[in-house]
Structure formats: structure tokens, C-alpha cells
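Can you make the complete structure from the sequences, with help from the hints?
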Amino acid sequence: MSDEKVTNWAGNIVFGAHRLHRPTSVEQIQELVAAGRPVKVLGSGHSFNRMADTTGDLISLADLPRIFEVGPYHNSVRIDGGMRYGELASRLDAEGLALHNMASLPHISVAGAIATATHGSGEHNGNLATAVSAIELIRGDGKLVTLRRDLDGDAFLGAVVGLGALGVVVSLTLDVAPAFELRQYVYDDLPRAELERDLPGILGDGYSVSLFTNWTGPDVNMAWLKRRDPMPAGDWHGARRADAARHPVPGMPAQNSTDQSGDPGPWHTRLPHFRMEFTPSSGEELQSEYHVPRDRALDAIDAVDAIGDVVSPVLQICELRTIGADDLWLSPNYQRETFALHFTWIADTDIVLPVVARLEQALAPLDARPHWGKVFTTSPDTIHAQYDRFTDFVSLTREFDPNRIFRNPWLDALLD
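Number 232 in the numbering used here belongs to position 232 of the sequence shown; there are no gaps in the numbering.
Be aware that a few hints might be false.
So the derived label-pair ranges between C-beta atoms look like this [unchecked claim]:
id, residue 1, residue 2, range
1, Arg-275, Asp-219, 25 to 31 Å
2, Leu-151, Thr-7, 28 to 34 Å
3, Asp-367, Arg-148, 30 to 36 Å
4, Arg-197, Pro-380, 36 to 42 Å
5, Arg-197, Lys-143, 54 to 60 Å
Hints listed in this document are in silico derivations from the structure and should not be mistaken for laboratory results.
Backbone N, C-alpha and C fix where the C-beta goes; we use that ideal spot for every residue, glycine too.
So this is what it looks like as C-alpha cells:
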């Protein structure tokens, strides 16, 4: 236990916890929860709002004993709640196994990413939470419960993307598949006319496709394609093959980016945008993201383009991606194929927040759902209306946490 002040990864949030605990067993966590003081779990700190804040006890799961148990049919793996994707991916690959996708940064915690429905890209790839087949958590009364996809129906679908409101996740069982190889290609200056002509074809031309733009003009700065098959020589949709490695943010050094040579390599060395051996200590940025129906993708691009003069002065880069639909109650991809717009802002909250509000106004006609772990100003009433099972989720929080042990002002504003 320590009294140190803790910040999130970006440094824009200083957590108000009185104590930071680093338990080394599930039993120690159960004791902390059963004591009845407010408790929140801190993953890798890669959220940009106060969803993990508390004035009570903050718990890090990083010191839990590692669990890595491959299932008997080699189609699942059980891991502990403190593991990060970089370690998980390396250990899976050594077993000849793979996850279906990864986020751009491999250093984030698995449990934290799943609780917020964090994602990669790919029109047929669900967000990272869709890989969960079982979740083991400590409820507000200190009891350990397990929910399974094949046995627990609605309770499971409500709990996976749980926002930290239902309990402390101490283990997860994930779907895995045989390991595979991917190639990564980067192209510069994708013309806007090509988006108008064939945006679905562009977004679907790979296992994972990301478009990067700074909204200073009509064209897209870069396209990153992660593919099983090699690309033919020459231009792609009017974009030129990059003549050197690129960083997602123009002008930043590219040595920490994953291989873009087009050579095949293990899945976990291509799916993220950043190398696992690169360990970021902090991020000089803020982030927001909005999910709209995929068939409204061009409308979303038009909406942001119309306020490009407002967005671009405080923007480092915007990434455009696709995510498959799912049935997880609080997933932004709940029952709709998704087009996501991710904004990496400068690290100045006072300047960025008014732009975020203006952006949300522009995207409102498209039913834009914000990413739970990012900066947003969308009202709770609007969010409630966006999720058919939101009221059911609130009821689930009352069942799992009747004494509001895991609540904080951020959750109170959202759920009450």
C-alpha cells in the first residue's frame, strides 16, 4: 500500500485516491472490497477521463500472479486481470496461437481494454471485448463469481463491457485461433474522390485498415493496410506507397512503429501500430472517439470536414477505422456495424473541450456513441437513449454492487 499520487497515462487526470494498493492475491482484493470503502481498479491508466477515479482505495492488479492457461482444445486461454496485451500476445504466439485483433498500442491492460470495448480495426473484427468467453470478478460484497458466454446469457452480455461498475475482474477467458502472419503497407495521400467512389472497398481491403487525416484538406494523409496477401506494385486507389516508415502522427519519429515493409510477420508484430518493445512512459495528448453506423461513414467524414477549421488547430491526427457488430450491452458497436473516428488532440484540456463539444454537435445527427475511456461531453440522457439495454445494465450494477462500492462521481453522473 502507498500514499503516492497517481496520474493516468496522459497526465491530465490526477487520481484522488487516499491509497494505492498492489495486492498479490485474489484474497487480498476480496478483503479490500469487503471492507466497504470506495474502491476502483487502475489498469494501465490509458483512459482520459475520471471513470477510474476514487476518493477511496485505488487497486492495481499488476502484481497478481500471472495466469496463462491454454484450454484443452487450444481455442481459449485463461489469463489474470493484471496482464497486458504485449505479454499475452508474445506468450500466445509461442504456443502457435493468436487473438483476433489488437489495439494500436500493445501496452494496455487486457481487463481495462475489455471493460471499455477498446478495439482495433477490420470490418469483420469485433472489438477486443468480443473475444471474452468467461469473466471472473469480485462483486461489491467481496464474493467471487464467474459469468460464462454459454451459460449466463444476459448477465454475461451485460457484464463484459462493465465500465468498472460491477466488480474487480480477476481473470478472463478469451477466444484464440491458430497463429497467422500479416503484412503491413502504408500509402500516402489518398484522394478524397476515391473515398466518394469506393469507401467500403477501401475500408475492406485488408484484415485491418486505418485511414489517418488531420482535416486540413480534403485528402487523407495516410492509409495503413494490414493484410494476409501481398499488395500489387504501384499506387492504391490513387495513393502512393510510402517511401519510408511512417508514424501515425506526421513528423514524429517512425522507429517505434510496427514493420511497414510488406514482409510477412507474426500477427502481433503487425496488428498494433506501435512495437511492443517500445514502452511509452506518458502521452502528450488527449483522445476522443466516436462510433457511427458504418453506412453513414461518408456523412461522418463530411460532418467533420465541414468544421475542419475548428478541429485541425488542436488536432495531432485522426484515425478512421471499422469494427464489427456485437451483442454486448454497453459496447459502442452494439448491434451495428461501425465506423469509428478517433481524435488525438494536443494536451490542453481547456482548449480541447470546446472543440470536442462542437464535434459532438456535428456528429449528433449520426447517433455517434463516444468511446467510454476517452474525453467526451455527451450528456447522460443522450447516452441512455443510444443503448437499448442501458436500463438493464443499471439494474445489473445494483445486483452486483448494492452498496455502491465501485461507484464514483463519473459513474454516478452516467448511471443515476
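Against the structure, test the hints numbered earlier, and report the numbers of the ones violated in rising order. 2
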